[in-house]
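There are 2 protein chains.
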Amino acid sequence: MPVHRTVLGEDALPRQWYNVLVDMPTKPAPALNPATKQPVGPDDLSAIFPMALIAQEVSTDRWIDIPEEVLEALALWRPTPLHRAWRLEKALGTPAHIYYKNESVSPPGSHKPNTAVPQAYFNKKEGIKRLSTETGAGQWGSALSFACNYFDLECMVYMVRVSFQQKPYRKSMMNTWGGTVIASPSDQTNVGRAILAEHPDSPGSLGMAISEAVEDAATRDDTNYALGSVLNHVLLHQTVIGLEMKKQFDIVGEKPDVLVGCTGGGSNFAGFFLPYIPDKLESPDMRIVCVEPASCPTLTRGKFAYDFGDTGKMTPIMQMHTLGHDFVPPGIHAGGLRYHGMAPIVSALVDDGTIEAVAGHQLEVFAASVMFARTEGIIPAPETAHAIWAACEEAKKCIETGEEKVIAFNFSGHGLVDMAAYDAYLGGKLHNYAYPQEAIEESWKNLPVI
Amino acid sequence: MPVHRTVLGEDALPRQWYNVLVDMPTKPAPALNPATKQPVGPDDLSAIFPMALIAQEVSTDRWIDIPEEVLEALALWRPTPLHRAWRLEKALGTPAHIYYKNESVSPPGSHKPNTAVPQAYFNKKEGIKRLSTETGAGQWGSALSFACNYFDLECMVYMVRVSFQQKPYRKSMMNTWGGTVIASPSDQTNVGRAILAEHPDSPGSLGMAISEAVEDAATRDDTNYALGSVLNHVLLHQTVIGLEMKKQFDIVGEKPDVLVGCTGGGSNFAGFFLPYIPDKLESPDMRIVCVEPASCPTLTRGKFAYDFGDTGKMTPIMQMHTLGHDFVPPGIHAGGLRYHGMAPIVSALVDDGTIEAVAGHQLEVFAASVMFARTEGIIPAPETAHAIWAACEEAKKCIETGEEKVIAFNFSGHGLVDMAAYDAYLGGKLHNYAYPQEAIEESWKNLPVI
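First to last, the protein sequences are chains A and P. Using my numbering, you'd call the opening residue of the first sequence number 1 and step up by one each time. Using my numbering, you'd call the opening residue of the second sequence number 1 and step up by one each time.
Simulated from the structure, these hints should not be mistaken for laboratory data. Honestly, I wouldn't trust all of these hints.
No distinction is drawn between identical chains; accordingly, a pair holds when it is met within one copy or between any pair of copies.
Mimicking BS3-like on lysine-lysine, the simulated pairs with C-alpha atoms at most 25 angstroms apart in a straight line are [unchecked claim]:
#1 Lys90 with Lys124
#2 Lys27 with Lys303
#3 Lys405 with Lys303
#4 Lys396 with Lys280
#5 Lys90 with Lys129
#6 Lys125 with Lys90
#7 Lys313 with Lys125
#8 Lys37 with Lys129
#9 Lys129 with Lys27
#10 Lys37 with Lys396
#11 Lys246 with Lys280
#12 Lys303 with Lys396
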């Protein structure tokens, strides 16, 4: 019988995170203070982040030790399996070898706790009692509630009101891990009250929820803020994915030719491919492919420019691919991919051509996802479905060329708490959407002038 | 760092199922034809089951080979990990060593596909095109949809109407794997139409759904029926759980003193403990504890007698612990434990004192489950929560005695598709319930006279 899953014992857990900043051909530009437009320093960030994470954000060390307490928490579900997708290959009729790293086995069901755990740990160590954050689709809020509970911190989640109403299971998960969840905009913050005064029925947005969570953290001494993607330290924590996978490919005896992953803020895919950047620089034929929704085409159609991370203009200004901080994508079901910007590290690697990006339409993406569920069994999160679609497209090219390419993608999460999306797809209620170029360019008019 | 999870490679997958019938001190009595009340033979069953499963039902071989095709399907998620519950032990302050076998890692999230896969396989091999079944909480219907899709069979699921309406995510899961799901009672069967004629707004029941699924299979040549628990062959297929666990305990270097699991129809726990029956017979101090809800106390307060498997009196009559085939338990959230009867194998082992049974109340059970989620991370299915509660009770006894007992329980499934139960518990909407003895004895009046 051929091997389906390459599993590792806990002795194979990576003991250090990999900091790609040291090896990047073109470094990301520094983030700027939104008021002064000068490079941000530790003092700009210390009101909402612990010093350990601020240090990781700008570290020049290639390897950063993972604390023992963090390893113990990760060992609840890591190392995660590397699967060979035998049945998907057969269904496609491809000579390609398709692999996926299964990050859905964590308690909250996605890669998000890989960074939620160390973020909670470093905050706890510096005396913080409480973390605030925002959540849209709910994966990040679930993961942070799980991690805060682990290290005995309070967790305050501002959940976009429309998701709060449509995804009661997500709220129940966060409550079960002890998190407090309120619908955003809320009456708990100045920014929330101001929005409600003007729009009492506001459905909320990720931009509003970020502003509420940041205000909460900035105005309380016992509270810091936690972000689930985009920042360098978040991507750093996710590198356990790719580091484990390297060991697994050594056991399998293959080397990936094409790495594929979905990108919203960029963290799951970065965690998967960053450890392969040195390999890519040595082997130019290797390809690294970011996949995003055609309805929120940050990397494929966005501008590489300085922009705010949030709608409320409270975050540092970062150089990244952006659709404009007030760009509002349609309500596609892959809520985790609806961000207007992108991690500066991922953006810089796309901009200098080290890695590439493609965009997929919703109907094709869900078709690939259902095919995956019917061959490999696991029902993918709608975000993960984008990676599957692109991996299948790559595998189909091998049918024509006859190449036995090794294609690996990151299975970032399962879809069991997002089944309404499948219901809509199978019921014929979804459609494709791509923004006209004018609409995208219109939102660039509000980019900050540097 | 201490080891959290003992994982096995696919080379450790059991190649044979263990048939406990050979080793049981007291064999279960034969099942009887509901009309003639004579022992059922293959001819009674061949209208709805394939011959291979009928043969397994009465096999006298201790070991039965697992076909290669079944092993390949199981390898999508098996072997499953054996976890040491370090943080739960610490939170309880117990000297006991607590372990759990994690069956929640299957694509549908429970132990159910362990038997759904071989049932689909053996039906396919005998030329069947379509399987019918019933589902209440939805775990079984999901697993059978998954397995039918794997072997390219159609799957027809009669889902209790009230669950169909309250659990749309379960329906979406079955649809995603290609299953057809309709609310029961339906207009697709004689029995369904008869019920609807009298009660157009009937909320349905598991008994009605079984009758519809059996009628569907009995009246169509291309269709067989599949049952998710109770029968000998179902328990047989589940023994992969305990067989893997024995290998894992060998690696860990410990031996379990107490085995704990929840029992609805009995299959998940039987799969976990049956391979330990020879050990139990050699070591009388070893204990095997079935856990059921106090509101459906089949083993702890039911009668050991011949009874029908369904409300509609269409199934064979079996000797088992029963609350009476028309007993209606309250709508507790552990839907998988609301069955009036029990697997004859499990019943016989309880009756002759080889194994024991306890009952837990809903509020204590959910409290233990939330404690588990907040220590070990994974959110348990409400059914699984019963096993956790009883394992914690056993571990608490060790605080008093100071014994370092090894307690192992079966983590039969996760709760991510049942979060409404947690919402109700955390919102203070659940209460305890235990039937007065008269109510239970009342329903014994309708037991068949043999």
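Okay, the hints, checked on the actual structure:
1. Lys90 with Lys124: between (48 angstroms within a copy, 20 angstroms between copies)
2. Lys27 with Lys303: Cα proximity of Lys27 and Lys303: one copy only (18 angstroms, versus 74 angstroms across).
3. Lys405 with Lys303: neither (32 angstroms within a copy, 63 angstroms between copies)
4. Lys396 with Lys280: within (23 angstroms within a copy, 55 angstroms between copies)
5. Lys90 with Lys129: between (52 angstroms within a copy, 22 angstroms between copies)
6. Lys125 with Lys90: Classified as between; 21 angstroms across copies, 50 angstroms inside a copy.
7. Lys313 with Lys125: For Lys313 and Lys125, the Cα distance exceeds 25 angstroms both inside one copy (30 angstroms) and across copies (63 angstroms).
8. Lys37 with Lys129: neither (31 angstroms within a copy, 68 angstroms between copies)
9. Lys129 with Lys27: Cα proximity of Lys129 and Lys27: none, with 35 angstroms in one copy and 59 angstroms across.
10. Lys37 with Lys396: Answer is neither; intra-copy 47 angstroms and inter-copy 59 angstroms both fail.
11. Lys246 with Lys280: For Lys246 and Lys280, the Cα distance is within 25 angstroms only inside one copy (13 angstroms; across copies 44 angstroms).
12. Lys303 with Lys396: neither (30 angstroms within a copy, 61 angstroms between copies)
The structure fails hints 3, 7, 8, 9, 10, 12 (numbered hints given earlier, in ascending order).
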